[in-house]
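Trainee: Sequence:
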Amino acid sequence: AKVVEVFPNGDLRIRGKREVTVNSEKQTMIIRGIVRRIDLDTTNTVISTAVADAQIEYTGLGVVDEVQRPGWLVRLFNWLTPF
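In this note's numbering, the protein residues as written are 1 to 83.
Derived by calculation from the structure, the hints in this document are not laboratory data.
Wrong hints could be hidden among the right ones.
[To be verified] Computed spacing ranges between beta-carbons, pair by pair:
hint : residue 1 : residue 2 : range
1    : 20        : 70        : 39 to 47 Å
2    : 79        : 6         : 42 to 50 Å
3    : 29        : 76        : 16 to 24 Å
4    : 42        : 82        : 48 to 56 Å
5    : 52        : 78        : 19 to 27 Å
6    : 78        : 44        : 40 to 48 Å
7    : 77        : 19        : 20 to 28 Å
8    : 78        : 50        : 35 to 43 Å
9    : 59        : 39        : 46 to 54 Å
[To be verified] In the SDA-like style, the derived pairs of lysine to any residue whose C-alpha atoms are separated by at most 20 Å in a straight line are:
hint : residue 1 : residue 2
10   : 2         : 14
11   : 17        : 4
12   : 17        : 3
The model shown is predicted, which means the values in this text are computed figures rather than measured ones.
Even glycine gets a Cβ: it sits at the ideal position worked out from N, Cα and C.
Given only the sequences and the hints, what does the whole structure look like? Please build it.
Mentor: Shown next, in the form of structure tokens:
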């Protein structure tokens, strides 16, 4: 992750992205959050539980993603009866 903002109190806003291709499926993980400088170790890494306001997004594009998407009939039914 990279530091995208430094707050006046020394806290750091971070954002990181990792893309991996597994079995022709492109998987992307994005992490955002705030880290205190005192939580950084000597290699400038921090454990995930020390990331405040963490937002973790995990998406995939490929065959598995297409299979998990509802068909047009299911989407139409859900649109007609949202509850």
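Trainee: Next, verify each hint and record whether it holds.
Mentor: Now for the hints, and whether the structure bears them out:
Between residue 20 and residue 70 the beta carbons are some 26 Å apart, a value that contradicts the proposed interval 39 to 47 Å. As the Cβ distance of residue 79 to residue 6 is approximately 45 Å, the hint placing it in 42 to 50 Å holds. The hinted window of 16 to 24 Å between residue 29 and residue 76 is violated, with their beta carbons roughly 32 Å apart. Against the hinted window of 48 to 56 Å, the Cβ-Cβ separation of residue 42 and residue 82 comes to about 53 Å, which satisfies the hint.
The given range of 19 to 27 Å is broken by residue 52 and residue 78, whose C-beta atoms sit roughly 35 Å from each other. Under the hint 40 to 48 Å, the C-beta atoms of residue 78 and residue 44, about 46 Å apart, fit the expected range. The hinted range of 20 to 28 Å is not satisfied by residue 77 and residue 19, whose Cβ atoms lie roughly 34 Å apart. Separated by about 39 Å at the C-beta atoms, residue 78 and residue 50 satisfy the suggested range of 35 to 43 Å.
The hinted window of 46 to 54 Å between residue 59 and residue 39 is violated, with their beta carbons roughly 27 Å apart. For the hint linking residue 2 to residue 14, the alpha-carbon distance of about 5 Å falls within 20 Å, and the restraint holds. For the proposed pair residue 17 and residue 4, the alpha carbon gap of about 13 Å is at most 20 Å, so the pair holds. Distance restraint check for residue 17 and residue 3: the Cα-Cα separation of roughly 12 Å lies within the 20 Å cut-off, and the hinted pair is therefore satisfied.
Of the numbered hints listed earlier, those contradicted by the structure are 1, 3, 5, 7 and 9.
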